[in-house]
Amino acid sequence: MVDFSLEQCIEEFLADLVASNSVNPKWEGGPGEAFVCDNISGVLSSLGFIPETQEVAPGRTNVVCTISGSRGAPSLILNAHVDVVGVEGMNDPFKLRRDGDKLYGRGTYDMKGSVSVMLALGKFFAKEPPPGDVHLTFVCDEEDLSIGMEHLMNDWLPTLKEKPTAAIILEPTEESIGICHKGFAWYEIVIEGKAAHGSRPEEGIDAIFPLGAVIQEISEVEKKLYAKDAHPYLGHSSLHVGTLMGGTNLPVIAAESRLDWERRILPGELDADLEKEYERIVSTAKNYPGKHRVEPKKLFARPPMETLETAEIVQRLKKA
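Our numbering numbers the first residue of the sequence shown as 263 and each following residue consecutively.
A couple of the hints might just be wrong.
Mimicking DSS-like on lysine-lysine, the simulated pairs with C-alpha atoms at most 30 Å apart in a straight line are [said to hold, decoys possible]:
(1) 548 to 580
(2) 485 to 385
(3) 288 to 364
(4) 288 to 559
(5) 559 to 456
(6) 559 to 548
(7) 385 to 357
(8) 553 to 490
(9) 553 to 456
(10) 425 to 485
(11) 456 to 486
(12) 485 to 456
(13) 548 to 364
(14) 559 to 580
Since the hints were derived computationally from the structure, they do not count as laboratory data.
In this text, all values refer to a predicted model and were calculated from it rather than measured experimentally.
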């Protein structure tokens, strides 16, 4: 028999988690996740479990903890990230406060509230074991490059003797069931020209004009993406220019320019088609008249995901 209020337990855990500064180092002054992971590990240890702390990078840690099931049922992964974004402009960001039926504090929504739910479930399972193994997984760096989840997938998951049947990512969804997610790819193109005074353009090589052609090509590609059938939940794939830089002074022919763009990827899109699209955009700069140099680069990418609506985990969640 469980003799405690889950709601009260969640709020108590949340107060401690919010007080544990875990701002991602991507933001200035962010200490990373080591401190909050120590606290999470301490809670799980106090409940009689054996958590494992994984140092993914200096000061960047995951915590995983397997709660053994009692009846040999299929196993399940629960996952949440423990890093938060910056706190600029916030008053007392690391103190949980209540306003009516809402709780406030950095990370309360995204996603220390979910971490608190997982810890409360741990407390519940310490008294009433689940029917199958439950793997509580807490990862770092979701707000930047997801090195914590990469480590979990590539280094931890393959070590399990029995592969989990399903996983639930406890990202806030307003209690909707999310079965799909777009992927993305980040690209960069740098144009190198030659500086010259604006009164003598023949002595320079303009690095901005080729970039204009690239922007136009990106716009044309996006129009074609929107002409295709939309995904029933995710809409259309897309791409946009994220940053654009070039030139140093108004009367000077620009010697360098740079453009970064992002491609949002739908489930089912082929890598080969994405590569052709990328090469088409890059070739626009390469084929632009002039003696400029073009340096394209693929910066970072994450694949899309989709779970069938008929999957058992989805149907069980619908009935819950």
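Do the hints match the structure? See the list:
{"no.": "1", "hint": "548 to 580", "in the structure": "52 Å, violated"}
{"no.": "2", "hint": "485 to 385", "in the structure": "52 Å, violated"}
{"no.": "3", "hint": "288 to 364", "in the structure": "28 Å, holds"}
{"no.": "4", "hint": "288 to 559", "in the structure": "21 Å, holds"}
{"no.": "5", "hint": "559 to 456", "in the structure": "21 Å, holds"}
{"no.": "6", "hint": "559 to 548", "in the structure": "14 Å, holds"}
{"no.": "7", "hint": "385 to 357", "in the structure": "23 Å, holds"}
{"no.": "8", "hint": "553 to 490", "in the structure": "37 Å, violated"}
{"no.": "9", "hint": "553 to 456", "in the structure": "9 Å, holds"}
{"no.": "10", "hint": "425 to 485", "in the structure": "42 Å, violated"}
{"no.": "11", "hint": "456 to 486", "in the structure": "34 Å, violated"}
{"no.": "12", "hint": "485 to 456", "in the structure": "33 Å, violated"}
{"no.": "13", "hint": "548 to 364", "in the structure": "54 Å, violated"}
{"no.": "14", "hint": "559 to 580", "in the structure": "43 Å, violated"}
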